[in-house]
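K.L.:
This is what each chain is made of:
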Amino acid sequence: MLNKKNMLMTIVFALIALVLPLVINAPYQQHILILVLIWATIGTAWNLLSGYAGQVSFGHAAFFGVGAYSAGILTLHYSLSPWWGLILGPVMSMLIALPIGAIAFRLRGPYFALATLALGEIFRLVFLNMTEFTNGAKGILIMPSITSKIIYYYAGLGMLAVTLLVTYLIVHSKIGYYLVSIREDQDAATSLGIPTTLYKNLALLPSAFFTGLAGAFYMNYVAFIDPNIVFNLTNISIMVILVVMLGGVATTWGPTIGAALYIIMGELFRTTLGSANVLVFGVLVCLIIMFLPNGIAGELDIIKRIAQRKKAGLSGGV
Amino acid sequence: MEDAWIKFGQTVICGILLGGMYSLIAIGMTLIMGVMKIINLAHGALVMVGMYVTYICSTNYGIDPYIGMFIAMPVLFLLGCLIQKYMINRLVEVDSILPENQVLLTVGIMLVLTEGIRLFFKSDYRSVVTSYSSNTVFLGDMSISVPLVIGFIIAMTFTFLLHMFLTKTDLGKSIRATSQDRDAAVFMGVNSSKITMITFGLGAALAAAGGSLLLPLFYLFPDVGHLFTAKSFIITILGGLGSTWGAAIGGLVIGLSESLGATYISMGYKDVVGLVMFILVLLFLPGGIRSLVKR
Chain A
1220 MLNKKNMLMT IVFALIALVL PLVINAPYQQ HILILVLIWA TIGTAWNLLS
1270 GYAGQVSFGH AAFFGVGAYS AGILTLHYSL SPWWGLILGP VMSMLIALPI
1320 GAIAFRLRGP YFALATLALG EIFRLVFLNM TEFTNGAKGI LIMPSITSKI
1370 IYYYAGLGML AVTLLVTYLI VHSKIGYYLV SIREDQDAAT SLGIPTTLYK
1420 NLALLPSAFF TGLAGAFYMN YVAFIDPNIV FNLTNISIMV ILVVMLGGVA
1470 TTWGPTIGAA LYIIMGELFR TTLGSANVLV FGVLVCLIIM FLPNGIAGEL
1520 DIIKRIAQRK KAGLSGGV
Chain B
239 MEDAWIKFGQ TVICGILLGG MYSLIAIGMT LIMGVMKIIN LAHGALVMVG
289 MYVTYICSTN YGIDPYIGMF IAMPVLFLLG CLIQKYMINR LVEVDSILPE
339 NQVLLTVGIM LVLTEGIRLF FKSDYRSVVT SYSSNTVFLG DMSISVPLVI
389 GFIIAMTFTF LLHMFLTKTD LGKSIRATSQ DRDAAVFMGV NSSKITMITF
439 GLGAALAAAG GSLLLPLFYL FPDVGHLFTA KSFIITILGG LGSTWGAAIG
489 GLVIGLSESL GATYISMGYK DVVGLVMFIL VLLFLPGGIR SLVKR
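The listed protein sequences correspond, in order, to chains A and B.
For the first sequence, our numbering assigns the number 1537 to the last residue and increments by one with no breaks.
For the second sequence, our numbering assigns the number 533 to the last residue and increments by one with no breaks.
To be clear, the hints were calculated from the coordinates, so they are not data collected in a lab.
There could be a bad hint or two in this list.
With a cut-off of at most 20 Å between alpha-carbon atoms, the simulated SDA-like pairs for lysine to any residue come out as follows [to be verified]:
| id | chain 1 | residue 1 | chain 2 | residue 2 |
| --- | --- | --- | --- | --- |
| 1 | B | 508 | A | 1447 |
| 2 | B | 360 | B | 459 |
| 3 | B | 508 | A | 1374 |
| 4 | B | 360 | A | 1502 |
| 5 | B | 360 | A | 1499 |
| 6 | B | 275 | B | 525 |
| 7 | A | 1393 | A | 1415 |
| 8 | B | 508 | B | 429 |
| 9 | A | 1393 | A | 1410 |
| 10 | B | 360 | A | 1415 |
| 11 | B | 360 | A | 1393 |
| 12 | B | 275 | A | 1328 |
| 13 | A | 1393 | A | 1383 |
| 14 | B | 275 | B | 410 |
| 15 | B | 275 | A | 1327 |
| 16 | B | 275 | B | 429 |
Here are the simulated distance ranges between beta carbons [claimed, not checked]:
| id | chain 1 | residue 1 | chain 2 | residue 2 | range |
| --- | --- | --- | --- | --- | --- |
| 17 | A | 1373 | B | 461 | 33 to 39 Å |
| 18 | B | 308 | A | 1362 | 55 to 61 Å |
| 19 | B | 250 | A | 1364 | 53 to 59 Å |
Please read all numbers here as calculations on a predicted model, not as lab measurements.
We treat Cβ as the ideally placed atom computed from N, Cα and C, and that holds for glycine.
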């Protein structure tokens, strides 16, 4: 029953998303929608590793940046279309995820978080300093072959849809239940015979894959990257955490809601408040963590449940 | 050959002097980590706010940075107490999916502090000019900048005073008791919530002190805090969690390795040295320097 309702909601959302760029045809608004799609993809990918499996990563900028640089370097050194980066980027991100996982999964909780933070920063510094290969702080500028925003919108929508679908399938399979059990109590999970490191890696690899995909897409869309943009600790690694916290950790739609709020609010406040837009976002995040610790989508379930309980109580009374 | 030795000596001394000031910041973080068991990712932002307080004192009222720090410290003590009491402490009772939500809140606080400062001071690079900031003292043939020496001496004095405070006074002993075993401390009549608040304030005040000492050496801008957050958590892990002396030595090690890295590897990779060391320590020496001493 609930599943059918969810399905219906998903179809309605999908239809709205498909029609939206036809209704809103100003390039600026379409640009905002595309940014929402990119952020929702990163958020959903982060959510798989950190929300469901509980391994809070502070280093997702490494995957985003490697994805973006894969696309950029293909064009810079091999004169290939950066669209090939959409294949190479995610694969490279998965490749670097293997050693990152091997190092960081030896650690738990806050130490895992700090190790990923350090690894992400190492990637930024290395890409900044390998000037011959990456152009260093000058960054990589490409000439985009497609300029129509609508095409980017639908490509981004497809990317988000695949990410959401794969995440949904993983979470609702045996792997998903194992991941949640690792988050809730790793020792208990181990004692029940779950190979925790293997399953953490099974969460990390798709997470890295889709973050890298978002990075490669970003390179194609924005057409300029430098290490301080795509490997940025605050604006990527930490922002994705806050975006997902805002929307709802360990929920299907939480990251998308968070991304939409983050980008749209940012743009609204940018015009009215100037540089204070990030400040307002920060205050909002603090309030959300303090009063709605599981984010908007996470608490929505609780609110719904309370409403349903009330309804059940009423009908029982009658 | 002679020149190479001078270069080496100068690198080592500058590294140690700089490391002493990093230590002071990291000790603040380690105190907070000891008592609250969380990594305070807003620590660098507190350093940054402290630097701005000293900066205002210096440019608007002509107060020397080394005196201005005694204004910045109480201000940050108060700010730290308020943040702990009204924000982080509230989360103890809140139930959430991710156990790290106190850490995530400190990230939110970091963002608010950084952007709040940016609102008032813009992203401009600022610096404090004092009559002695470009002076140097000579040690043999090695020249060493005066602010480094003064900063190091003050930082070491503070570390010593803090050590006396933690070992000799009732309040200090209560802080150590709370960090060793909160429940046992509560049974012995320690008001743990008050102690936690004071510790956070103290950590923030030490951050301000370290920041003020570094003010004559660094450019000041709202994002400078990230640099200090990264350095102080590296030092804290390196020194062993919650260990004051471990953090002091860890600070010297990081200062030294950065200075050597900058001279002998390259300026761009000097931060990589610290981060790689950090990961190696996390993996192979999880107790930090403290565990080596105890062994």
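K.L.:
Compare the structure with each hint and give your call.
P.N.:
Going through the hints against the structure:
{"no.": "1", "hint": "508(B) / 1447(A)", "in the structure": "17 Å, holds"}
{"no.": "2", "hint": "360(B) / 459(B)", "in the structure": "8 Å, holds"}
{"no.": "3", "hint": "508(B) / 1374(A)", "in the structure": "40 Å, violated"}
{"no.": "4", "hint": "360(B) / 1502(A)", "in the structure": "19 Å, holds"}
{"no.": "5", "hint": "360(B) / 1499(A)", "in the structure": "16 Å, holds"}
{"no.": "6", "hint": "275(B) / 525(B)", "in the structure": "15 Å, holds"}
{"no.": "7", "hint": "1393(A) / 1415(A)", "in the structure": "13 Å, holds"}
{"no.": "8", "hint": "508(B) / 429(B)", "in the structure": "44 Å, violated"}
{"no.": "9", "hint": "1393(A) / 1410(A)", "in the structure": "17 Å, holds"}
{"no.": "10", "hint": "360(B) / 1415(A)", "in the structure": "47 Å, violated"}
{"no.": "11", "hint": "360(B) / 1393(A)", "in the structure": "51 Å, violated"}
{"no.": "12", "hint": "275(B) / 1328(A)", "in the structure": "12 Å, holds"}
{"no.": "13", "hint": "1393(A) / 1383(A)", "in the structure": "17 Å, holds"}
{"no.": "14", "hint": "275(B) / 410(B)", "in the structure": "18 Å, holds"}
{"no.": "15", "hint": "275(B) / 1327(A)", "in the structure": "14 Å, holds"}
{"no.": "16", "hint": "275(B) / 429(B)", "in the structure": "17 Å, holds"}
{"no.": "17", "hint": "1373(A) / 461(B): 33 to 39 Å", "in the structure": "36 Å, holds"}
{"no.": "18", "hint": "308(B) / 1362(A): 55 to 61 Å", "in the structure": "57 Å, holds"}
{"no.": "19", "hint": "250(B) / 1364(A): 53 to 59 Å", "in the structure": "54 Å, holds"}
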